[in-house]
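Given chain A, put chain B in place with the hints provided.
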Amino acid sequence: MMHIRPYLLLLVLAPCLMTCEEVFLEEELANDARTNFEYLWQQCDEKYAFFEYKNVDWDSVYTEYSPRVANGMSADSLFRVLWDMLNELRDGHVNLIAPFNVSRFDVDLLGPDNINFRVIRENYLSDRYYTTTPIIHDILADGQVGYLRIASFGTTVGEGDIQFPLALYRNTRGLILDIRGNGGGSLSSVFTIMNRLAQERTKVYDSFIKSGPGREDFEGPQEAFVDPPERGPTYVKPVMVLTDRGTYSAASFLALIARELPQMTLIGDTTGGGLGIPNGGQLPNGWTYRLSISRTISTDGQNFENGVPPDIRVILDRDLTEQGIDNVIERAIAEIL
Amino acid sequence: MIRSLFCFFVLLGLQPALGQDQEKPERPEYLEVTATTGLTSFRDVGVSPILYDGFLIMGGIRYTYEGNRWQHSAEFDGGVGFYEVTRFAVYESNTINFAYGGYSRRQLWEADNLNLRYHGGVRIHGFTNVRSNPSLLNASSGVESINTLFIHNSLAWDLRFRKTDLSKAGARPSRHELAFELNLPLVTASWLPDYPYVTDFSDGEPNSTKSHEFYWGGLRLQSRLTYRYFLPNGNALRITYWWDYARTPDGFNQLDFINHALQFGLVMRLN
Numbered sequence: 001m002m003h004i005r006p007y008l009l010l011l012v013l014a015p016c017l018m019t020c021e022e023v024f025l026e027e028e029l030a031n032d033a034r035t036n037f038e039y040l041w042q043q044c045d046e047k048y049a050f051f052e053y054k055n056v057d058w059d060s061v062y063t064e065y066s067p068r069v070a071n072g073m074s075a076d077s078l079f080r081v082l083w084d085m086l087n088e089l090r091d092g093h094v095n096l097i098a099p100f101n102v103s104r105f106d107v108d109l110l111g112p113d114n115i116n117f118r119v120i121r122e123n124y125l126s127d128r129y130y131t132t133t134p135i136i137h138d139i140l141a142d143g144q145v146g147y148l149r150i151a152s153f154g155t156t157v158g159e160g161d162i163q164f165p166l167a168l169y170r171n172t173r174g175l176i177l178d179i180r181g182n183g184g185g186s187l188s189s190v191f192t193i194m195n196r197l198a199q200e201r202t203k204v205y206d207s208f209i210k211s212g213p214g215r216e217d218f219e220g221p222q223e224a225f226v227d228p229p230e231r232g233p234t235y236v237k238p239v240m241v242l243t244d245r246g247t248y249s250a251a252s253f254l255a256l257i258a259r260e261l262p263q264m265t266l267i268g269d270t271t272g273g274g275l276g277i278p279n280g281g282q283l284p285n286g287w288t289y290r291l292s293i294s295r296t297i298s299t300d301g302q303n304f305e306n307g308v309p310p311d312i313r314v315i316l317d318r319d320l321t322e323q324g325i326d327n328v329i330e331r332a333i334a335e336i337l
Numbered sequence: 001m002i003r004s005l006f007c008f009f010v011l012l013g014l015q016p017a018l019g020q021d022q023e024k025p026e027r028p029e030y031l032e033v034t035a036t037t038g039l040t041s042f043r044d045v046g047v048s049p050i051l052y053d054g055f056l057i058m059g060g061i062r063y064t065y066e067g068n069r070w071q072h073s074a075e076f077d078g079g080v081g082f083y084e085v086t087r088f089a090v091y092e093s094n095t096i097n098f099a100y101g102g103y104s105r106r107q108l109w110e111a112d113n114l115n116l117r118y119h120g121g122v123r124i125h126g127f128t129n130v131r132s133n134p135s136l137l138n139a140s141s142g143v144e145s146i147n148t149l150f151i152h153n154s155l156a157w158d159l160r161f162r163k164t165d166l167s168k169a170g171a172r173p174s175r176h177e178l179a180f181e182l183n184l185p186l187v188t189a190s191w192l193p194d195y196p197y198v199t200d201f202s203d204g205e206p207n208s209t210k211s212h213e214f215y216w217g218g219l220r221l222q223s224r225l226t227y228r229y230f231l232p233n234g235n236a237l238r239i240t241y242w243w244d245y246a247r248t249p250d251g252f253n254q255l256d257f258i259n260h261a262l263q264f265g266l267v268m269r270l271n
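Heads up: the protein sequence lines correspond to chains A and B, in order.
The first sequence begins at 1 in our numbering and counts up by one.
The second sequence begins at 1 in our numbering and counts up by one.
Extracted from the complex, chain A is given alone in its bound form (with noise of 0.2 Å):
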């Protein structure tokens, strides 16, 4: 029985031993102002994707931002710091998320407004327009032009919200698809539109996504396509996309692909850009924050993270909304009669 006990005492000590994970667990980060700080800094220096392309010395940055930080500053101030310095890449999809506050850069306000909904409602849409979410839809121009009103990808768009307006207004002479002020959401939803809108199997664009922390560390390329569905209603007469400041990420996306679509036209002022994919990320304070970190090539080799600019420039003219004219509407509508 005298043998037993070290044996015992082994059997019930050795498992105690065992869960000093402790010792192989690296520290926490210290959640200081100043930790907060270099940790966000390195992550846009190690993961954003287009400080080339802005033109953005971020190095100078931190020689800038660093000496307005310092541990014990409320949480409210060290935010306003933070924001500071993530504006400084002047993309929209570079975000700080904190529980009373959220950052943000305006890029609708890089350019006028350029639609007002009401003008349409009560001017252009009858009084039973459609409504197949997240799509507006109704006939325009004695029912010569199908309009069709998408004001959001937040919403997923589906075969069949796509597929219905294409066959109800299958003998028109033209759509229009109006996606100005459309802040993006779901990608997959603009290939569900613009694979019915194409005639061919169509390259649209390259895509590089970061693969290291060096800046010029990328990866790819990563090709799009635009492909006709063998089922379904298609539509390849022709299109008048909508656009302006406030048509960003999705919807810029699918601003890019109608450059590469022959039938289909450009009409209003530059998107806001936003063609690079937003990941997430999270601070040792726990904030969250996003960062874009990849980049979009057209065919011919061009950037348009800044905006895709139209094939034909139109500001809304305030005087002619004022009469119920909605004079981008009206150029569309002229380019396809």
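What the hints contain is simulated information worked out from the structure, not anything from laboratory work.
Hints may be right or wrong, so weigh each one.
Below, in silico cross-link-like pairs of lysine to any residue (SDA-like), each with a Cα-Cα straight-line distance of 25 Å or less [as the list claims (entries may be wrong)]:
hint : chain 1 : residue 1 : chain 2 : residue 2
1    : B       : 210       : A       : 156
2    : A       : 203       : A       : 156
3    : A       : 203       : B       : 210
4    : A       : 237       : A       : 130
5    : B       : 210       : A       : 216
Partner residues are not named here, just some residues of chain A that face chain B (Cβ under 8 Å, in silico) [unchecked claim]:
hint : residue
6    : 29
7    : 30
8    : 65
9    : 67
10   : 71
11   : 72
12   : 185
13   : 210
A virtual CB, placed ideally from N, CA and C, is assigned to each residue, including glycine.
Just chain B now, with coordinates in the frame of chain A:
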């Protein structure tokens, strides 16, 4: 529910083990139903420097063969985990977990007078987590898998006392077994997101594992302390305290997992 559990336990105790005397188990085979609950922590450096804490609930099955020299086992588990961290606000992460494992070991030493047996061999254990953390925006979902081949060591102590026993005088001594298992890593393969963490879905085809790669190395340690109580019919009840620490290779996508779990097994002898 309670009634069903009660009936199950009664059946476990009454069900005869087919044709074998409990005193002389010749190559017994067991099938177990297991339930595991534990305190778990993880840190995914690819998206957050913060250690999330929470708990895990899993259910599973296990098969065990115990020969005179060789023993083998296979197990499968599935469950869910709930984690959170509080920094200004509460940030939550949830997981769906799958695990598999097993060992093959040989008795290498025994001390009859001390009722001790040492088995050595190999153990394999792997787990796959599908994680969701909505606060991380486009990085809100993650998948990772960590798989390790271990050098397996087990020291078991048969607590069946011949002279002094908790059972009544004259009754056949009940069989208890206490075993400590220490698993040391040989090879670890982790399947993790590559550098961007978020896959390039700009082609309109979201695929959360498109950029996953295999990474070799890291650190993985496991220990288990198991108590088995054998019923007269050869079935058994098992409780195991299980500690598992995993760390993938240093780098941009380093993961840390720490698991302190209790596993309960209803062991049914098959032969």
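These are the hints, each one checked on the structure:
Our distance criterion of 25 Å between C-alpha atoms is met by residue 210 of chain B and residue 156 of chain A, whose separation comes to about 22 Å. Using a Cα cut-off of 25 Å, the hinted pair residue 203 of chain A and residue 156 of chain A holds, with the two alpha carbons roughly 23 Å apart. The hinted pair formed by residue 203 of chain A and residue 210 of chain B meets the criterion: a straight-line CA distance of about 21 Å does not exceed 25 Å. Of the pairs offered as hints, the one joining residue 237 of chain A and residue 130 of chain A holds, with about 21 Å between alpha carbons and a cut-off of 25 Å not exceeded.
With a C-alpha separation of about 22 Å, the suggested pairing of residue 210 of chain B with residue 216 of chain A holds against the 25 Å cut-off. Among the interface hints, the one on residue 29 of chain A holds; its C-beta lies about 5 Å from the nearest C-beta in chain B, closer than the 8 Å criterion. Annotation: residue 30 of chain A was flagged as interfacial toward chain B, and the flag is violated, the nearest CB pair being 10 Å apart, outside 8 Å. A distance limit of 8 Å between C-beta atoms decides the matter here; for residue 65 of chain A the minimum to chain B is near 20 Å, and the interface restraint is violated.
A hinted interface residue such as residue 67 of chain A counts as satisfied when its beta carbon comes closer than 8 Å to some beta carbon of chain B; here the least separation is about 24 Å, so the hint is violated. Restraint check, residue 71 of chain A versus chain B: the minimum CB separation of about 16 Å is more than 8 Å; hint violated. Interface restraint check for residue 72 of chain A: the shortest CB-CB distance to chain B comes to about 16 Å, outside 8 Å, so the restraint is violated. Interface restraint check for residue 185 of chain A: the shortest CB-CB distance to chain B comes to about 12 Å, outside 8 Å, so the restraint is violated.
A least Cβ separation of about 5 Å between residue 210 of chain A and chain B falls short of the 8 Å threshold, and the interface hint therefore holds.
In the structure shown, a violation is registered for the earlier hints numbered 7, 8, 9, 10, 11, 12, in ascending order.
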